[in-house]
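A.B. asks: Sequence:
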Amino acid sequence: MVNELYPYIVEFEEEAKNPDLETHRKRKRSGNSDSVERDAAQEAEPGAGLETASSPSQCSVPPKKGKDAPTKKESLGHWSQGLKISMQDPKMQVYKDEQVVVIKDKYPKARHHWLVLPWASISSLRAVTREHLELLKHMHTVGEKVIADFAGSSKLRFRLGYHAIPSMSHVHLHVISQDFDSPCLKNKKHWNSFNTEYFLESQAVIEMVQKAGRVTVRDGMPDLLKQPLRCHECQQLLPSIPQLKEHLKKHWTK
DNA sequence: GTTCTAGAAC
DNA sequence: GTTCTAGAAC
1 MVNELYPYIV
11 EFEEEAKNPD
21 LETHRKRKRS
31 GNSDSVERDA
41 AQEAEPGAGL
51 ETASSPSQCS
61 VPPKKGKDAP
71 TKKESLGHWS
81 QGLKISMQDP
91 KMQVYKDEQV
101 VVIKDKYPKA
111 RHHWLVLPWA
121 SISSLRAVTR
131 EHLELLKHMH
141 TVGEKVIADF
151 AGSSKLRFRL
161 GYHAIPSMSH
171 VHLHVISQDF
181 DSPCLKNKKH
191 WNSFNTEYFL
201 ESQAVIEMVQ
211 KAGRVTVRDG
221 MPDLLKQPLR
231 CHECQQLLPS
241 IPQLKEHLKK
251 HWTK
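Residue numbers (full-length UniProt numbering): 1 to 254.
Hints are not guaranteed to be accurate.
Below, a list of computed lysine-lysine pairs in the BS3-like style, where the Cα atoms sit at most 30 Å apart [stated by the list, open to error]:
(1) Lys96 to Lys155
(2) Lys96 to Lys137
(3) Lys245 to Lys104
(4) Lys211 to Lys249
(5) Lys106 to Lys250
(6) Lys188 to Lys250
(7) Lys245 to Lys106
(8) Lys211 to Lys250
(9) Lys226 to Lys186
(10) Lys84 to Lys186
(11) Lys186 to Lys245
(12) Lys249 to Lys145
(13) Lys137 to Lys250
(14) Lys91 to Lys137
(15) Lys145 to Lys254
(16) Lys186 to Lys211
(17) Lys104 to Lys250
(18) Lys254 to Lys211
(19) Lys186 to Lys91
(20) Lys249 to Lys186
Restraint-style ranges between C-beta atoms, simulated for each label pair [unchecked claim]:
(21) His251 to Lys226: 20 to 30 Å
(22) Lys104 to Thr141: 11 to 21 Å
(23) Gln236 to Ser75: 42 to 52 Å
(24) Lys104 to Trp252: 19 to 29 Å
(25) Pro228 to Glu201: 17 to 27 Å
Hints listed in this document are in silico derivations from the structure and should not be mistaken for laboratory results. Just so you know, even glycine gets a beta-carbon here, dropped at the ideal spot from N, CA and C.
Start from the sequences, fold in the hints, and give me the full structure.
C.D. replies: What follows is the structure, given as structure tokens:
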């Protein structure tokens, strides 16, 4: 049986956390300089991004009047589409029901870090309307259930929320414990994306959709990622990521 | 989103 | 000299 959305298999590159892989850490770069932020700020484009460069069976995609036809190698092969693929992988799925699926973040920024994704293709919060309200509430509820099921006995605090300008396509709710004890947390952008207003509380997003019918974000979000590093527990300023990470240890409940 | 690395910061 | 950050990745 053919999966219409994902007609070909994309292999995930396993991250080199395995010491055995150390010797061939060098790998081809697959860089793409397209601006992610601008991309995320645009409206959803239904139908776009489902074709592949090497798909013999799907020859004719309705050509979008001349200009920005899908000329470049992108779409599903592009890193920003990775969630669409991960969420389909049973090995990644921690929970699923008719509306949503939960996977572990591939590069967790804390001891517990999950993503709740709807099966429905919603590119980002920009595309969210009141008709998605119940879905957003369900995503939140499922997030809380996953916490209860997998970290219920821990005393860790959790937050649920969305990045104001996500890098990855497909709406995803972050469910993340507040220890931020993870080797994948490496830079200022990582920290500030979860510890400034760049992180939009799920509850606030739900209320915004309820009241305004859509999600709007204040200007200057990219600048928030460059703000000085401040401890989320005691507000202390730290001069570098290594020093922040060392500081965080004193708040651990371990 | 990550990796890699030049050169700034210490 | 070493640590650390920040920008490119065709």
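A.B. asks: All hints, please: hold or fail.
C.D. replies: For each hint, the structure was consulted:
Straight-line distance between C-alpha atoms of Lys96 and Lys155 comes to about 25 Å, which keeps the hinted pair within the 30 Å bound. Taking the CA atoms of Lys96 and Lys137, the gap is near 15 Å; set against the 30 Å cutoff, the hint holds. Between the alpha carbons of Lys245 and Lys104 the distance comes to roughly 22 Å, so the proposed pair stays at or under 30 Å and holds. Under the criterion of a C-alpha separation no larger than 30 Å, the hint pairing Lys211 with Lys249 is inconsistent with the structure, at around 40 Å.
Of the pairs offered as hints, the one joining Lys106 and Lys250 holds, with about 26 Å between alpha carbons and a cut-off of 30 Å not exceeded. A threshold of 30 Å between alpha carbons decides the hint, and for Lys188 with Lys250 the separation of about 20 Å falls inside it, so the pair holds. A C-alpha spacing of about 20 Å is found between Lys245 and Lys106, which places the hinted pair at or below 30 Å, so the restraint holds. In summary, the hint linking Lys211 to Lys250 is not supported, as the alpha carbons are separated by about 40 Å, beyond the 30 Å threshold.
Proximity of Lys226 to Lys186 is assessed by CA-CA distance (about 14 Å); at most 30 Å being required, the pair is judged to hold. For the hint linking Lys84 to Lys186, the alpha-carbon distance of about 25 Å falls within 30 Å, and the restraint holds. Restraint check for Lys186 and Lys245: the C-alpha separation of about 9 Å stays at or below 30 Å, so the hint holds. Between Lys249 and Lys145 the alpha-carbon distance is near 27 Å, which keeps this suggested pair within the 30 Å criterion.
Pair hint Lys137 plus Lys250 does not hold up; C-alpha atoms about 34 Å apart against a cutoff of 30 Å. Simply put, Lys91 and Lys137 have alpha-carbon atoms about 26 Å apart, close enough for the 30 Å limit, and the pair holds. The suggested pairing of Lys145 with Lys254 holds, with an alpha-carbon distance near 22 Å, which does not exceed 30 Å. For the given pair, Lys186 sits about 37 Å from Lys211 by alpha-carbon distance, which is inconsistent with the 30 Å threshold.
In summary, the hint linking Lys104 to Lys250 is supported, as the alpha carbons are separated by about 26 Å, within the 30 Å threshold. A C-alpha spacing of about 40 Å is found between Lys254 and Lys211, which places the hinted pair above 30 Å, so the restraint is violated. Proximity of Lys186 to Lys91 is assessed by CA-CA distance (about 26 Å); at most 30 Å being required, the pair is judged to hold. Pair hint Lys249 plus Lys186 holds up; C-alpha atoms about 15 Å apart against a cutoff of 30 Å.
Judged by the Cβ atoms, the range 20 to 30 Å given for His251 and Lys226 holds: they are separated by roughly 24 Å. In this structure, Lys104 and Thr141 meet the distance hint of 11 to 21 Å, their C-beta atoms being roughly 19 Å apart. The beta-carbon spacing between Gln236 and Ser75, approximately 44 Å, falls within the hinted interval of 42 to 52 Å. For Lys104 and Trp252, the Cβ-Cβ distance of about 21 Å falls inside the hinted range of 19 to 29 Å, so the restraint holds.
Between Pro228 and Glu201 the C-beta distance comes to about 22 Å, which sits within the given range of 17 to 27 Å.
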